[in-house]
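Colleague: Residue numbers (the numbering used here): 1 to 329.
In short, the hints are calculated from the structure, not lab data. All values derive from a computational prediction rather than experimental measurement. All C-beta atoms in this analysis are idealised placements derived from N, C-alpha and C, irrespective of residue type, glycine included. Treat each hint with caution, since some may be false.
What the hints assert, rightly or not - Pairwise CB distance ranges (calculated):
hint	residue 1	residue 2	range
1	Q317	E89	24 to 32 Å
2	V326	E227	37 to 45 Å
3	G11	P214	48 to 56 Å
4	P61	E192	25 to 33 Å
5	G211	S58	25 to 33 Å
6	Q60	Y191	26 to 34 Å
7	E121	G225	37 to 45 Å
8	D277	P214	18 to 26 Å
9	R128	D7	25 to 33 Å
10	E121	A228	38 to 46 Å
11	S315	D219	38 to 46 Å
12	E85	G211	20 to 28 Å
13	E306	E112	34 to 42 Å
Unchecked claim - No farther apart than 25 Å at their CA atoms in a straight line, the calculated lysine-lysine pairs in the DSS-like style are these:
hint	residue 1	residue 2
14	K243	K40
15	K40	K23
16	K243	K49
17	K23	K243
18	K40	K6
19	K243	K194
20	K49	K23
21	K23	K194
22	K23	K6
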Amino acid sequence: MWMLSKDTIQGHTALWLENEHLKISLLPEKGADIYHFIHKPSGVDFLMKTPSGLRPPSEQPPMDFLENYEGGWQELFPNPGDACEYAGELLPFHGEVALLPWDYTILCNDTEETSVHLAVECRQTPFRLERVMRLRTDANFLEIEGRVTNRSNAPASFTWGHHIVLGGDFLEDGCLLHLPARQIITPPELYEPKTARLAPGQNEPWPMARGRNPGERFDLRRIPGREAHTHDDVYLTGLEAGKLSVANPRLGLQFHLEWDAALFRCVVNWQPFGGADLPPLTGIYGMGVEPWVTHLSLTQAIEQGEALTLAGGESLQTALRAGVEVHQP
Numbered sequence: 001m002w003m004l005s006k007d008t009i010q011g012h013t014a015l016w017l018e019n020e021h022l023k024i025s026l027l028p029e030k031g032a033d034i035y036h037f038i039h040k041p042s043g044v045d046f047l048m049k050t051p052s053g054l055r056p057p058s059e060q061p062p063m064d065f066l067e068n069y070e071g072g073w074q075e076l077f078p079n080p081g082d083a084c085e086y087a088g089e090l091l092p093f094h095g096e097v098a099l100l101p102w103d104y105t106i107l108c109n110d111t112e113e114t115s116v117h118l119a120v121e122c123r124q125t126p127f128r129l130e131r132v133m134r135l136r137t138d139a140n141f142l143e144i145e146g147r148v149t150n151r152s153n154a155p156a157s158f159t160w161g162h163h164i165v166l167g168g169d170f171l172e173d174g175c176l177l178h179l180p181a182r183q184i185i186t187p188p189e190l191y192e193p194k195t196a197r198l199a200p201g202q203n204e205p206w207p208m209a210r211g212r213n214p215g216e217r218f219d220l221r222r223i224p225g226r227e228a229h230t231h232d233d234v235y236l237t238g239l240e241a242g243k244l245s246v247a248n249p250r251l252g253l254q255f256h257l258e259w260d261a262a263l264f265r266c267v268v269n270w271q272p273f274g275g276a277d278l279p280p281l282t283g284i285y286g287m288g289v290e291p292w293v294t295h296l297s298l299t300q301a302i303e304q305g306e307a308l309t310l311a312g313g314e315s316l317q318t319a320l321r322a323g324v325e326v327h328q329p
């Protein structure tokens with residue numbers, strides 16, 4: 001079975017890519033967010049949804065990432081990290097493309113595949129970002145091709161990331177995270193100190209992280225349930241390969257993700273395990289598995305030599321793959 005269909009979700013245009021294995025919704029006019037990632041045989045949606053959910057679009061485009069954050073999967077560019085100033089512009093937290101409408105063109109909808117091309121031109125920086133999403137008829141994975149072009153005549157710098165937050169019907173106590181990382185890094189200052197379980201400012205070998213209490217250690221491969229009531233940010237570095245998986249032994253399902261580790265060199269492992277207190281994230285339960293170029297803001301990345309730079313007219317391409325497998329423990 002193959003299908004590419006169009007409808008609306010809470011007033012937002014939605015494109016659905018579907019085959020016998022997966023059903024995926026895409027919101028092109030809302031940052032090209034991926035809102036559903038459903039394994040059709042089981043009906044399990046793998047993506048976290050916020051308690052407030054997706055709200056109807058406002059007359060004015062959002063100014064902040066959290067203004068209408070519904071969960072799901074966002075592309076972050078050209079500054080996935082904290083807000084910063086670059087070339088005289090204040091770049092928002094998580095960048096600008098998640099706040100902008102994208103143009104889209106249906107490339108194919110036949111017996112071989114469904115595919116769509118999306119594009120957005122940044123307003124604060126001289127970049128054009130393109131994405132092709134492809135779901136082949138018999139595939140249990142989604143293919144994503146990304147392309148960045150510097151439309152100016154001068155060099156310009158950026159960082160890049162994918163904000164993928166698992167949750168929904170899939171994530172629960174007992175799930176297991178596997179990836180070939182070497183180091184665990186936590187920020188020097190805690191975002192929500194009252195509910196953080198991990199010590200700030202640590203750099204520890206994967207997978208054991210230091211807790212906030214003396215002698216406390218946590219195996220980050222093992223995912224706790226909502227009752228943990230914790231909230232932490234973790235950066236996983238020293239990747240031996242660009243791949244990870246999250247398995248749910250009870251459901252017998254596994255989410256897997258592959259990317260170019262030479263480009264996306266860090267996995268941001270956001271851990272809102274029920275302990276996020278500040279709205280609109282209050283009480284959410286999910287886990288970020290987010291390939292980023294770096295966890296630093298763009299200005300910090302430039303200072304530390306971790307930003308990417310394209311000459312005028314130059315482009316950069318990459319590819320990711322995300323899918324679901326029946327998991328045998």
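Colleague: List in ascending order the numbers of the hints, as given earlier, that are violated by the structure.
Modeller: 2, 5, 12, 19, 21
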